[in-house]
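There are 2 protein chains.
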Amino acid sequence: MNKLLIVGTVAFDAIETPFGKTDKILGGAATYIGLSASQFDVESAIVSVVGEDFPQEYLELLKSRNIDLSGTEIVKGGKTFFWSGKYYNDLNTRETLDTQLNVLADFEPVVPEDFKSPDIVMLGNLHPLVQKSVLDQLKRPKLVVLDTMNFWMDNTWDQLVEVIGQVDVVTINDEEARQLSKEHSLIKAAAKIEEMGPKYVVIKKGEHGAMLFHGGKVFFAPALPLDEVFDPTGAGDTFAGGFTGYLAQTGDISFENMKNAVVYGSNLASFCVEKFGTERMQELTSKEVQQRLYGFKALTQFDIKLT
Amino acid sequence: MNKLLIVGTVAFDAIETPFGKTDKILGGAATYIGLSASQFDVESAIVSVVGEDFPQEYLELLKSRNIDLSGTEIVKGGKTFFWSGKYYNDLNTRETLDTQLNVLADFEPVVPEDFKSPDIVMLGNLHPLVQKSVLDQLKRPKLVVLDTMNFWMDNTWDQLVEVIGQVDVVTINDEEARQLSKEHSLIKAAAKIEEMGPKYVVIKKGEHGAMLFHGGKVFFAPALPLDEVFDPTGAGDTFAGGFTGYLAQTGDISFENMKNAVVYGSNLASFCVEKFGTERMQELTSKEVQQRLYGFKALTQFDIKLT
Numbered sequence: 000m001n002k003l004l005i006v007g008t009v010a011f012d013a014i015e016t017p018f019g020k021t022d023k024i025l026g027g028a029a030t031y032i033g034l035s036a037s038q039f040d041v042e043s044a045i046v047s048v049v050g051e052d053f054p055q056e057y058l059e060l061l062k063s064r065n066i067d068l069s070g071t072e073i074v075k076g077g078k079t080f081f082w083s084g085k086y087y088n089d090l091n092t093r094e095t096l097d098t099q100l101n102v103l104a105d106f107e108p109v110v111p112e113d114f115k116s117p118d119i120v121m122l123g124n125l126h127p128l129v130q131k132s133v134l135d136q137l138k139r140p141k142l143v144v145l146d147t148m149n150f151w152m153d154n155t156w157d158q159l160v161e162v163i164g165q166v167d168v169v170t171i172n173d174e175e176a177r178q179l180s181k182e183h184s185l186i187k188a189a190a191k192i193e194e195m196g197p198k199y200v201v202i203k204k205g206e207h208g209a210m211l212f213h214g215g216k217v218f219f220a221p222a223l224p225l226d227e228v229f230d231p232t233g234a235g236d237t238f239a240g241g242f243t244g245y246l247a248q249t250g251d252i253s254f255e256n257m258k259n260a261v262v263y264g265s266n267l268a269s270f271c272v273e274k275f276g277t278e279r280m281q282e283l284t285s286k287e288v289q290q291r292l293y294g295f296k297a298l299t300q301f302d303i304k305l306t
Numbered sequence: 000m001n002k003l004l005i006v007g008t009v010a011f012d013a014i015e016t017p018f019g020k021t022d023k024i025l026g027g028a029a030t031y032i033g034l035s036a037s038q039f040d041v042e043s044a045i046v047s048v049v050g051e052d053f054p055q056e057y058l059e060l061l062k063s064r065n066i067d068l069s070g071t072e073i074v075k076g077g078k079t080f081f082w083s084g085k086y087y088n089d090l091n092t093r094e095t096l097d098t099q100l101n102v103l104a105d106f107e108p109v110v111p112e113d114f115k116s117p118d119i120v121m122l123g124n125l126h127p128l129v130q131k132s133v134l135d136q137l138k139r140p141k142l143v144v145l146d147t148m149n150f151w152m153d154n155t156w157d158q159l160v161e162v163i164g165q166v167d168v169v170t171i172n173d174e175e176a177r178q179l180s181k182e183h184s185l186i187k188a189a190a191k192i193e194e195m196g197p198k199y200v201v202i203k204k205g206e207h208g209a210m211l212f213h214g215g216k217v218f219f220a221p222a223l224p225l226d227e228v229f230d231p232t233g234a235g236d237t238f239a240g241g242f243t244g245y246l247a248q249t250g251d252i253s254f255e256n257m258k259n260a261v262v263y264g265s266n267l268a269s270f271c272v273e274k275f276g277t278e279r280m281q282e283l284t285s286k287e288v289q290q291r292l293y294g295f296k297a298l299t300q301f302d303i304k305l306t
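Protein chains in written order, with numbering that gives the first Met the number 0: chain A, 0 to 306; chain B, 0 to 306.
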């Protein structure tokens, strides 16, 4: 079984959408990535940090999904990273109400011995120096995927560019791709980002789907149209977990197989948004995943004969 | 050869985009629909009206594409419909600078004898009473497709709802679908519009592609990613021309074949936006169309085996 190393936050979220609001619930990029990747036959581990206030049941939940938490530090007397946000009516815009870094402020990631030669690495959205520090501890993996956001472009540009230069795939949303590349056209943006190092660029467009770019080639997967999106939190990380989980399971990092990985990622993300937080991902069965893939085929595949 | 009846404006446009601006050039919904449909083996006719100021060369251009203009009235002493608009930096928003209805104000469409039993009818964006007046002159065609816009929802709601009740397919953009259905979710919006009469709904999302809905089924075709979009004018009408032209050529109005029609429409629209006005559509060769379909396949088709 191939190894997937996941780096990212394990956290508390408090979420408000037009449909309701939650108290502190389980959140964090690595949580969503891990739950999503657990739909595949992979050995995964999360490198992260939580405080002493983090419920044992949340840790048990992740462990029950065959996720190794020996690299997830529990800081004595420390408080877990907390994020609170509110989505507006169209669910495309959100406002951060509160961010408490807590134990994340001094996070020094330590990769467990067993995962120092992983097949695939998923660097979730974190300070680029933390992402780099993880890479420095590894023997060169088959594929390194990095997620980031505008905050790091605004505040740690040089460090971000440095770590991006060391990875194979960048996943990023459309506005961030434009900010990173200083290009409006997504084709040009992806080409510029490829010049920074990564051979592959995934641009996430939320409800408008995801695009995979590689050396002038493009693949596009729509988001599955849903009756209602309930809570978009974690959709991008769930996509990343599906993308890397599928690549780790198959061990095939060709462009053709990455197309499939984008479809799997989009498919899993379509479940994530159906309930608050990680709720839907916790109860999700492989049968449901498989059934919705039929929906994806029907949605996108056509039969034009070309001569 | 199957017959395609096109109803819509033949007009002058003056366009300003971030890349430049034009004087009065050839425009109008029926013009774009006709040029696009002329990529297929169909007999088409345009029912429209122009003024005496309309250049003979524009009429010759359309005739050279095997488009029957016997139903396009030339009003003596009249002035042709004129629209002028300006696009902003992202090309997703535009402002109408000037609209001069001129001969369109008193337009009473007359369908030529030869086209009173067409196979397919494309009712371009016009006053719903004009659209209805055309339908009243026809023996029931195989398929009637209607395009409309928010202006008619704001000003002629009852007449619009009446004519929508008489057609098979509505093509409409996402915001207009929401306005027409009073639903935010596009799935729910399409279902509501189907309840109004049409069995099929095409929702156009510009750079984010197009969706085809029918009885709970959905198909999605992305817009082909382009290095630059030069001028979006006419893209929706070019889509409609490709959609109906392909359906008329094949004579197959099944949902499966409509998927292909959506792809052909999207493919043709991707050319339209590459130059000002109708310029690109005038020079477009069938070889270019065919080649770009390969791009569409590569963009969207994947190979996940389902058990």
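Heads up, a few of these hints could be off.
[Stated by the list, open to error] Taking lysine-lysine and the BS3-like style, the derived pairs with C-alpha atoms no more than 27 Å apart in a straight line are:
| no. | chain 1 | residue 1 | chain 2 | residue 2 |
| --- | --- | --- | --- | --- |
| 1 | B | K2 | A | K187 |
| 2 | A | K20 | B | K181 |
| 3 | B | K204 | A | K296 |
| 4 | B | K181 | A | K181 |
| 5 | A | K23 | A | K78 |
| 6 | B | K181 | A | K191 |
[Stated by the list, open to error] Anything over 10 Å on all C-beta distances counts as not near chain A; from chain B, calculated:
| no. | residue |
| --- | --- |
| 7 | L68 |
| 8 | T92 |
| 9 | K115 |
| 10 | S116 |
| 11 | K204 |
| 12 | P221 |
| 13 | K296 |
[Claimed, not checked] If you want the footprint, here are the derived chain B segments under chain A, 3+ residues with CB under 8 Å:
| no. | stretch |
| --- | --- |
| 14 | 49 to 62 |
| 15 | 205 to 217 |
| 16 | 280 to 294 |
| 17 | 299 to 305 |
These are computed hints drawn from the structure, not numbers from a lab. Cβ coordinates follow ideal geometry from the N, Cα and C atoms, glycine included.
The hints, checked one at a time:
1. With a C-alpha separation of about 42 Å, the suggested pairing of K2 of chain B with K187 of chain A is violated against the 27 Å cut-off.
2. Proposed proximity of K20 of chain A and K181 of chain B is supported: the alpha carbons are some 25 Å apart, at most 27 Å.
3. With a C-alpha separation of about 20 Å, the suggested pairing of K204 of chain B with K296 of chain A holds against the 27 Å cut-off.
4. For the hint pairing K181 of chain B with K181 of chain A, the CA-to-CA distance comes to about 38 Å; that exceeds 27 Å, so the pair is violated.
5. Only pairs whose Cα atoms come within 27 Å are accepted, and K23 of chain A paired with K78 of chain A is accepted, the gap being roughly 13 Å.
6. Our distance criterion of 27 Å between C-alpha atoms is broken by K181 of chain B and K191 of chain A, whose separation comes to about 41 Å.
7. L68 of chain B, annotated as away from the interface, keeps every beta carbon of chain A farther than 10 Å; the closest lies near 31 Å.
8. Remark: the non-interface label on T92 of chain B is consistent with the geometry, its nearest Cβ contact in chain A lying 14 Å away (cut-off 10 Å).
9. For K115 of chain B, the requirement that its beta carbon stay farther than 10 Å from each beta carbon of chain A is met, with the minimum near 32 Å.
10. Look at S116 of chain B: its CB is around 29 Å from the nearest CB on chain A, clear of 10 Å, so calling it non-interface holds up.
11. Not every CB of chain A is more than 10 Å from the CB of K204 of chain B (nearest about 7 Å), against its label as outside the interface.
12. Residue placement check: P221 of chain B does not keep its beta carbon more than 10 Å from all beta carbons of chain A (closest about 5 Å).
13. Once the 10 Å rule is applied to beta carbons, K296 of chain B is inconsistent with being away from chain A; the minimum gap is 7 Å.
14. Counting residues of the stretch 49 to 62 of chain B whose beta carbon lies closer than 8 Å to any beta carbon of chain A gives 0, which falls below the threshold of three, so the coverage claim is violated.
15. With 5 residues bearing a CB less than 8 Å from a CB of chain A, the stretch 205 to 217 of chain B meets the requirement of three and the coverage assertion stands.
16. Counting residues of the stretch 280 to 294 of chain B whose beta carbon lies closer than 8 Å to any beta carbon of chain A gives 3, which meets the minimum of three for the stated coverage.
17. For the stretch 299 to 305 of chain B, the proposed coverage by chain A is satisfied: 6 residues have a C-beta within less than 8 Å of a C-beta in that chain, meeting the threshold of three.
Of the hints listed earlier, those the structure fails to meet are numbers 1, 4, 6, 11, 12, 13 and 14, in rising order.
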